[in-house]
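Build the full structure now, drawing on both the sequences and the hints.
Quick note, the sequences are listed as chains E, Z and R, same order.
Going by my numbering, the first residue of the first sequence is number 648, and it counts up by one from there.
Going by my numbering, the first residue of the second sequence is number 648, and it counts up by one from there.
Going by my numbering, the first residue of the third sequence is number 648, and it counts up by one from there.
Derived from the structure by calculation, the hints contain no laboratory data.
Misleading hints may appear alongside valid ones.
Copies of the same chain look alike in the list, so a pair counts if it works inside one copy or between any two.
Pairs of lysine to aspartate or glutamate residues, derived as DMTMM-like cross-links and limited to a Cα-Cα distance of at most 25 Å, are as follows [said to hold, decoys possible]: (1) LYS956 - GLU990; (2) LYS981 - ASP844; (3) LYS981 - GLU923; (4) LYS881 - GLU904; (5) LYS674 - ASP653; (6) LYS881 - GLU1088; (7) LYS981 - GLU921; (8) LYS674 - GLU1088; (9) LYS956 - ASP939; (10) LYS774 - ASP1090; (11) LYS956 - GLU923; (12) LYS774 - GLU1094; (13) LYS956 - ASP985; (14) LYS674 - GLU1084.
Letter by letter, the chains look like this.
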Amino acid sequence: MLLHEDRLFPAEPAVRQIARSLYASVKDLPIISPHGHTQAAWFADNEPFPDPATLFVQPDHYVYRMLYSQGVSMDDLGIGQRYIEDPRKVWRIFASHYYLFRGTPTRMWLDFAFQELFGLTERLSAKTADHYFDTISAKLLRPEFLPRALFDRFKIHVLATTDSPLDTLSDHQAIRASGWKGRIVPTFRPDSVVDPDFPGFVERIAALGQMTSHDTASWSGYLKALRQRRSFFKDLGATATDHGHPTAQTANLSHAEAEQLFSKVRTGGGTAAERELFRAQMLTEMARMSLDDGLVMQIHPGSFRNHNKQIHEKFGRDTGADIPQQTDYVHALKPMLDLFGNETSLTIILFTLDETTYSRELAPLAGHYPCLRLGPPWWFHDSPEGMMRFREQATETAGFYNTVGFNDDTRAFLSIPARHDVARRIDCAFLARLVAEHRLEHDEAFEIVSDLTCGLVRRAYKL
Amino acid sequence: MLLHEDRLFPAEPAVRQIARSLYASVKDLPIISPHGHTQAAWFADNEPFPDPATLFVQPDHYVYRMLYSQGVSMDDLGIGQRYIEDPRKVWRIFASHYYLFRGTPTRMWLDFAFQELFGLTERLSAKTADHYFDTISAKLLRPEFLPRALFDRFKIHVLATTDSPLDTLSDHQAIRASGWKGRIVPTFRPDSVVDPDFPGFVERIAALGQMTSHDTASWSGYLKALRQRRSFFKDLGATATDHGHPTAQTANLSHAEAEQLFSKVRTGGGTAAERELFRAQMLTEMARMSLDDGLVMQIHPGSFRNHNKQIHEKFGRDTGADIPQQTDYVHALKPMLDLFGNETSLTIILFTLDETTYSRELAPLAGHYPCLRLGPPWWFHDSPEGMMRFREQATETAGFYNTVGFNDDTRAFLSIPARHDVARRIDCAFLARLVAEHRLEHDEAFEIVSDLTCGLVRRAYKL
Amino acid sequence: MLLHEDRLFPAEPAVRQIARSLYASVKDLPIISPHGHTQAAWFADNEPFPDPATLFVQPDHYVYRMLYSQGVSMDDLGIGQRYIEDPRKVWRIFASHYYLFRGTPTRMWLDFAFQELFGLTERLSAKTADHYFDTISAKLLRPEFLPRALFDRFKIHVLATTDSPLDTLSDHQAIRASGWKGRIVPTFRPDSVVDPDFPGFVERIAALGQMTSHDTASWSGYLKALRQRRSFFKDLGATATDHGHPTAQTANLSHAEAEQLFSKVRTGGGTAAERELFRAQMLTEMARMSLDDGLVMQIHPGSFRNHNKQIHEKFGRDTGADIPQQTDYVHALKPMLDLFGNETSLTIILFTLDETTYSRELAPLAGHYPCLRLGPPWWFHDSPEGMMRFREQATETAGFYNTVGFNDDTRAFLSIPARHDVARRIDCAFLARLVAEHRLEHDEAFEIVSDLTCGLVRRAYKL
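Here's what the structure looks like:
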């Protein structure tokens, strides 16, 4: 077997027993997935998923960044290729390097899918590569492995995608039109039309104008266009926006200042500092709109995108070369908090790639400002040790109720149950220790773990 | 019962057994409280404490910041009001939100007071709110709940308050005059007369001149006035000073430079950088005076005070909206250390709100410079996990003997025994692990825990 | 006894049992020491080591920095003196302060040497000081305590020293000429000839020219001279270079820019920023040369050297007053990574004194770039807690296979077995937890611990 039923629980028998009983109370609860990067098209079309290499290797930057770091070439893995010519060959490369993932969450997520979904019980290696490839390939063609069937089997109650304001959301519309009852909702992610450093920014502003019939050459027309798209997203079920800026900087410019700055960046002008200021002002504008339309705001700052110049030039964006950087929240968020920090009807969920901010900045901020909540550990930190550090470092100041449950934040649909399972187990492990150390009573731990699994996410994201 | 006798001890039975025996050796030792924010007036007047809401909710920013973060209004809690009109109503709001404190140190401190002091054994909740209110209210009127009686019951050997140089210390004088033998000593905290950004700085400098009959319009008269007030504090038992600057910056200006800078800031002038430089120079001046008069110097840097603009404007300072910020020590302290770092008769105790500095800066500095010692985890980090991180991250480089025991640092007199109890338990838990992992012998652990409880604080603070 | 056979293993019996069995599989493996500061002369001359004070106290900044921090004078410890006049007196001071090292790795390393090497079993203290002094003194004169005999007894397969490019490596040559088979190899550490802030930089550049017959007054001659010295080191067995800059900054200047900058700093000119830029460029040049000659590159940035002005002036460099500082890698390394980051034939091993970079920067970088590997915890962090934090914070993103095993990095030859033993035990403790928590299978843990002990270091350092 690849999975042990006690995995991730503390070894001490009494603590493990508490963790087990907590886990038993939540393991069958539905999955609420309020933030991620799956494709609505999968559920609109409901076609079989492709071969194992195209499914598990090509789209998963966690997987191929590790292989690449150990000398496997991106080309040999089919990265950046439209179709993988020889998927079995890619799969064999992956299988023979599977030992590299020892001690990583990727290993746990994959083993979960391999065993729970495909019934595989022998470890993946060069030796078992073909058996895996054949087994997975065959099962993927069965009806019960189609996207909608898996959605139901995974007990997903709601799944949010992440979408550009320029997206027509035709797949979301098709899902609704199809009569299928799975709840797939879009998320408004305006980076490409609010970040002047985004490739094609100028053209996208123009496209936004065409799409909305607002004059996006003017500051007020641009804001109106954004409001209109938010409204459109909301009509299709969106409850949240998402913002992936390099920093958490916000600003509070006067209308005239903002107008002038916009006219500069809209035409491709502005210094680096001005483009940063524009992003900062746009976070504040987004908060202002959220106050009106009720969309929950997610801020994911601090990634140095496309750090590897050669890889970026050859393979493009999002190819495993984003690196976290130090991130400030205390000063960066102040302009926005000065305006809206005390609004109880606004929800802003903060994420970080800089764990030093958990106890120093994020928990103190969320433990005071009514509008702030702490998102779960993100990306590199969405791991057993990372999740445990988050609980250990944030809980004492922010408590449990300023957090919002788990995000799987994944492009890998098949890993969703595994990721939620890991999160539930770590929460149980953490709570079990608190109970064993008499810092919390049993009945409280049961109430909390249920909230961490479903209650908080539903309330924070209005789902 | 609200408290378990093994609370905070590791769950593993053998380790817990060691922790228990260590704790048994220190749990009844007296409390030495060298730094905090209780009021000397309580002990001068020895009047009953007020109702539960005024006692536990209104003055405790740990309590109301959490409630506020979850949407409870400050007005409804009586914050900023001279008298709470309906304390029972405030108490009920607090009680019905008590679950928010799960997993926080506030919960442990309060439960300790509720059970140990007031004999309450059922958890606080909406249901038990009135029972709590009535029980506590009634007991507070009894003679054994008067401040001096509690001081004795808590086995406090010495309690330091924190006071402005402009304070006449009349309450301290009254205590002495009363013949009561409780040792309450003042601490010299000159922020309001050395930080040009402090509200009323200019007027305070003038007041300092009047109080001391020195010409505080001149740099040398100003320094003489400060020396005189230090001496006055010392006569009333003070053994320490305390400095709460935004950063740990120090400076080493020439007399002429300092004189010129002073003349600028004294009249309300100076840029932000100059005001920071003045604070920096004043830390160095304070160290120089400490070399002469022997007062131990405490530095508490790194709080972004009054971060919430609206709350600051409406409710004033110290209302739960201070947020930690990243803090540098290595470069900031160098000017002062260049002058006095090697003085063995000087003691400077460093605190931090930035835990990243424990292993990177503070332990290496204190593990080298004879004048430096490490204060215990402060404020947001004065918690079970926070204290454990401090021991884990500082001990290997600084050892135990460059630390100074525990500070409760509290305004909440009734929480003092609880806070010291938590600190003792965590120290026992940490030491028990070292013993169980054969990194320390039993006899050494007993010696150390006694030092961590009483020995180090007495020696570091000259108490 | 000073040492327990289960030291450093987790207390929980089942986990401890796993740790024991893992440890049993690696405890007798040879020592590969790819980076350290022992003297080749010891093995060239093979003379007895000196008295205990000169051996254990005078050269070990871990030891005397702690003593100094607690008020012991450097003079009384013989620091900076050519010969210690009364070694027994120094030893007694050390012994009477030995309790200061409780909870530190120094204590573990010393106890290991005391017991395993000298058969001492009673704790060092004022009482046992003379017994220790006499026992150690007597044994050091025996043939089996001569450097070469200890080298064999320690089962050292290879030991790297760290050497200036201006060093003639005569001791290394003498070892080779002697016919003794111990493998001692030099490491190319060019700080003194690439860092314009290094004392005597200008003169050293001239000396480099004389030594190599290249015109080091010109940029190209300077580079040729460095290449020649690298080649000379390689001929004597060197497989690596080492770089101890204040920061990790790299640069990518044009030939003309570099030439111009060199002409400025070579003559003692240049601003602080220009000297930093020169160091940055030289890291890139060293990487370029490594691509050609295959020497593995080690970068040890982030130490604020000689922080204590008075101690530096009186006792010189490397006297226990170096303090870590915050260190950036993400931006600093980019210029070099833009050029060489994707080279699979280049190995750059990154170290840090800033633990916050483990999960935020170093693991993500090493988990992507083929040329990058993570060095083990360094200096202040080479300790049980520090090593555990490294594994916990780096493994989930970088895996095990982007790390390079252990460095003892020591001047204290007698501590080498102790340091490797601690590292092996902590690795076993970490792996045992993963196995007990079913995050890794037994067979995998055995394979990994063997790699962490010997395999990875051999491969990364080409030893």
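We went through each hint and held it up to the structure:
1. LYS956 - GLU990: Only across copies: LYS956 and GLU990 sit 13 Å apart there, 42 Å inside one copy, limit 25 Å.
2. LYS981 - ASP844: both (23 Å within a copy, 19 Å between copies)
3. LYS981 - GLU923: This pair counts as both: shortest intra-copy Cα distance 16 Å, inter-copy 21 Å.
4. LYS881 - GLU904: neither (30 Å within a copy, 55 Å between copies)
5. LYS674 - ASP653: within (12 Å within a copy, 30 Å between copies)
6. LYS881 - GLU1088: neither (41 Å within a copy, 47 Å between copies)
7. LYS981 - GLU921: For LYS981 and GLU921, both the intra-copy (18 Å) and inter-copy (23 Å) Cα distances are at most 25 Å.
8. LYS674 - GLU1088: The answer is both: 20 Å in one copy and 24 Å across copies each meet 25 Å.
9. LYS956 - ASP939: Answer is between; shortest inter-copy Cα gap is 22 Å, intra-copy 41 Å.
10. LYS774 - ASP1090: between (48 Å within a copy, 16 Å between copies)
11. LYS956 - GLU923: The answer is both: 21 Å in one copy and 24 Å across copies each meet 25 Å.
12. LYS774 - GLU1094: between (46 Å within a copy, 17 Å between copies)
13. LYS956 - ASP985: The answer is between: 6 Å across copies meets 25 Å, while 38 Å in one copy does not.
14. LYS674 - GLU1084: both (24 Å within a copy, 18 Å between copies)
Violated hints for the displayed structure, listed by number in ascending order: 4, 6.
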